[in-house]
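Chemist: Here are the chains, one letter per residue:
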Amino acid sequence: MDEFLASLVRGLGTGSVYALLAVGFVIIYKAMRVISFAQPALMVTGAVLVSYLVADLSFWIAVPVAVLAVAALAMVVERLALRPMIGKPVFVISIITLGVDIVIRVVVNGFIGRDVRQVGDPWGLATLDLGGVAVQERYLAMLVVTGVVMLALFAFFRYSRTGLAMRAASFDQETAMSQGISVGSVFAVSWVIAGGLSALAGVFVGTGGGVDQQTWIIALKALPAVILGGLDSVGGAVVGGLVVGVVESLVGTYQADYAPWLGQNFAVVSPYVVMLLVLLVRPYGLFGTREVERV
Amino acid sequence: MALPASARQRRLSGRPDFYTSYTQDMALFNTAPKRRAVGVLAVGALLLPFLLTDDLLQLLATAFVAAIGAIGLNLVTGYAGQVSLGHAFFIAIGAYTAAALSGDPDDRTIGFGITFLPIWLLAAGLAAAAAGLLVAPLAVRLRGLYLAVVTLSLVFLGEHLFKEWSELTGGPGVGRPAAVPQMFGVRFDEDGEIFTGPQKLYLLMLVLLGIFAVLARNLARSGVGRAFAAVRDRDVAAAVIGVSLPRYKALAFAISSFYAGCAGALLYTVTGFFDPGSFNLLLSVQFIAMVLIGGVATISGSILGALFITLLPRLTRELPDLVPFVSAQSSGTITVFQIETTLYGLLIIVFLIVEPRGLYGIWVRVRNYWKSWPFSY
Chain A
1 MDEFLASLVR
11 GLGTGSVYAL
21 LAVGFVIIYK
31 AMRVISFAQP
41 ALMVTGAVLV
51 SYLVADLSFW
61 IAVPVAVLAV
71 AALAMVVERL
81 ALRPMIGKPV
91 FVISIITLGV
101 DIVIRVVVNG
111 FIGRDVRQVG
121 DPWGLATLDL
131 GGVAVQERYL
141 AMLVVTGVVM
151 LALFAFFRYS
161 RTGLAMRAAS
171 FDQETAMSQG
181 ISVGSVFAVS
191 WVIAGGLSAL
201 AGVFVGTGGG
211 VDQQTWIIAL
221 KALPAVILGG
231 LDSVGGAVVG
241 GLVVGVVESL
251 VGTYQADYAP
261 WLGQNFAVVS
271 PYVVMLLVLL
281 VRPYGLFGTR
291 EVERV
Chain B
1 MALPASARQR
11 RLSGRPDFYT
21 SYTQDMALFN
31 TAPKRRAVGV
41 LAVGALLLPF
51 LLTDDLLQLL
61 ATAFVAAIGA
71 IGLNLVTGYA
81 GQVSLGHAFF
91 IAIGAYTAAA
101 LSGDPDDRTI
111 GFGITFLPIW
121 LLAAGLAAAA
131 AGLLVAPLAV
141 RLRGLYLAVV
151 TLSLVFLGEH
161 LFKEWSELTG
171 GPGVGRPAAV
181 PQMFGVRFDE
191 DGEIFTGPQK
201 LYLLMLVLLG
211 IFAVLARNLA
221 RSGVGRAFAA
231 VRDRDVAAAV
241 IGVSLPRYKA
251 LAFAISSFYA
261 GCAGALLYTV
271 TGFFDPGSFN
281 LLLSVQFIAM
291 VLIGGVATIS
301 GSILGALFIT
311 LLPRLTRELP
321 DLVPFVSAQS
331 SGTITVFQIE
341 TTLYGLLIIV
351 FLIVEPRGLY
361 GIWVRVRNYW
371 KSWPFSY
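Protein chains in written order, with my numbering: chain A, 1 to 295; chain B, 1 to 377.
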């Protein structure tokens, strides 16, 4: 039972990181109807920036600075590579983000080098005893921070004028424009938020193990989370992220005993299997809106 | 149409774009210059082995195989409009089917010793096509970016499978020998009495590319090709006019995967060895880049794009001699490998923004300029 609980908490912790990334994907999707494949690069950029900043600054200052810097980078990407493409097929725009991802990652890999870079977090691998279950502090930190950020985001979308503008633009761009909403700045804000969330996720991915040139792949695990929850549902992305995290962690704990024929490291690809199974039953994810065809 | 033969055949001299029948318009080579140009290109390509060095021929042979794969991706993504990021997965299936069939039975990896090229090539294509049909039930229900993510997940699942199944693949970091290209007692990858290995491989791949390209072009102008285009342009409208969406989406995936499987089977015969780690997302992206840079929904564009992407590393490798701050070692500040990868990304972005029709579009513009020269504007 203890093993199960420990595995569950680990899953919720990593799952909340996926949730951060997944919400970024969803916010961009809701604004532009595009899946941004640039998120992995933004995530790694955040983590690497922090790993350089902690040399001079405290971790608690380095993280906000990195988050802001990556948010700014995301805005630049949107303005330079995506704004000229408005009105083009979404597939084309998605492929452009793939190109952006490759370019940014090559530059960032230059800064990572061959070593594993530490983000200098205060948790490391320290554990906490929670009612007899040893839980790593970093997983609790991930859960708490993600919870706070999500609450703030939901409040932002619910109560602020910009949030309202974003919801309106995602509902119907032309009507939103006719009401005086600048759809361009909605795009910019979406990318800023998504970039910031990715950077934050990157920092958490870096806790404990550090960042190396392969870390970016983790960000793609947010894609099953997004599809699971439905591409256009922020709440679904959070649920999807947590589900993916827990599934991965539980598979990692029990698969070696119960299904060894699936091979080592099956946990890493288990989110994709879950996604395929869910899509077979529900083609638009658990919370996504079914597309209505008008002829 | 019961037209007399003479009416179908009549062409007006000096009016290449003037068609007197639908058959002429839809012909494989619908203008005389096109026929002549393809003829000249084919003869030129056949003469190349006697002009170029062996390492260049090897590179070109790889490019021709890549072109087969790119044509496959273009069939599903360009012609039928179904986004696939999973091309690397189908290529892997082809590569392993062929390698296992033709492999040495006494080796440490699975092998059945059937080295006759047409057999393992067809088997590789069919195995990949079967995998494509397996994906089809999902692909039929999904559209656009959902489909892109699902095909992306294939790459990750495939990577896991091939890394774990080391009896077949040799395991990561070790790899296994590629398929043995042998036909009628001739080994294409070994030096013979008349031709060297690369010369033979080059000619083999050239002929195969020719066959696959003509077949694909033929498919594109047939009823199936028009059904693909209808599904791509507006699937609801296509369904209304009686194009069965499940059937044609599944068919597009199967045919595309068949091409990918054949390309995978041939791709590694040039180097002779391959590793399960090579079938990653980057390989899929390279094929996407070939299609986008070459030209969406054109066969000649796919070939151009494949040549361009495959020859690109060769060009960047010349950079350290020309630009002083670029280093050929992997330890320098700016290495050729970094420039190469960045170029893939940048070229995709630049082409999509500036010339969405790709290299083929540039060619069309050049052609149109000279068509009306000196009165072009």
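Do not rely on the hints blindly, as some may be mistaken.
What the hints assert, rightly or not - Simulated pairs of lysine to any residue, SDA-like, Cα-Cα distance not exceeding 25 angstroms:
{"hint": "1", "chain 1": "A", "residue 1": "Lys-30", "chain 2": "B", "residue 2": "Thr-196"}
{"hint": "2", "chain 1": "A", "residue 1": "Lys-88", "chain 2": "B", "residue 2": "Leu-12"}
{"hint": "3", "chain 1": "A", "residue 1": "Lys-30", "chain 2": "A", "residue 2": "Ile-181"}
{"hint": "4", "chain 1": "B", "residue 1": "Lys-163", "chain 2": "A", "residue 2": "Leu-250"}
{"hint": "5", "chain 1": "A", "residue 1": "Lys-30", "chain 2": "B", "residue 2": "Arg-141"}
Quick caveat, the hints were computed from the structure, so don't treat them as lab data.
Chemist: Now, for every hint given, state plainly whether the structure supports it.
Modeler: Results of checking the hints against the structure:
Taking the CA atoms of Lys-30/A and Thr-196/B, the gap is about 57 angstroms. The hint is violated against a cut of 25 angstroms. Pair hint Lys-88/A plus Leu-12/B does not hold up; C-alpha atoms about 40 angstroms apart against a cutoff of 25 angstroms. A distance of roughly 16 angstroms separates the Cα atoms of Lys-30/A and Ile-181/A; the hinted pair therefore holds under the 25 angstroms criterion. Annotation: proposed proximity of Lys-163/B to Leu-250/A holds, straight-line Cα distance about 22 angstroms (limit 25 angstroms).
At most 25 angstroms may separate the alpha-carbon atoms for a hinted pair to count; Lys-30/A and Arg-141/B meet this at roughly 21 angstroms.
Of the numbered hints given earlier, the model fails hints 1, 2; all others are met.
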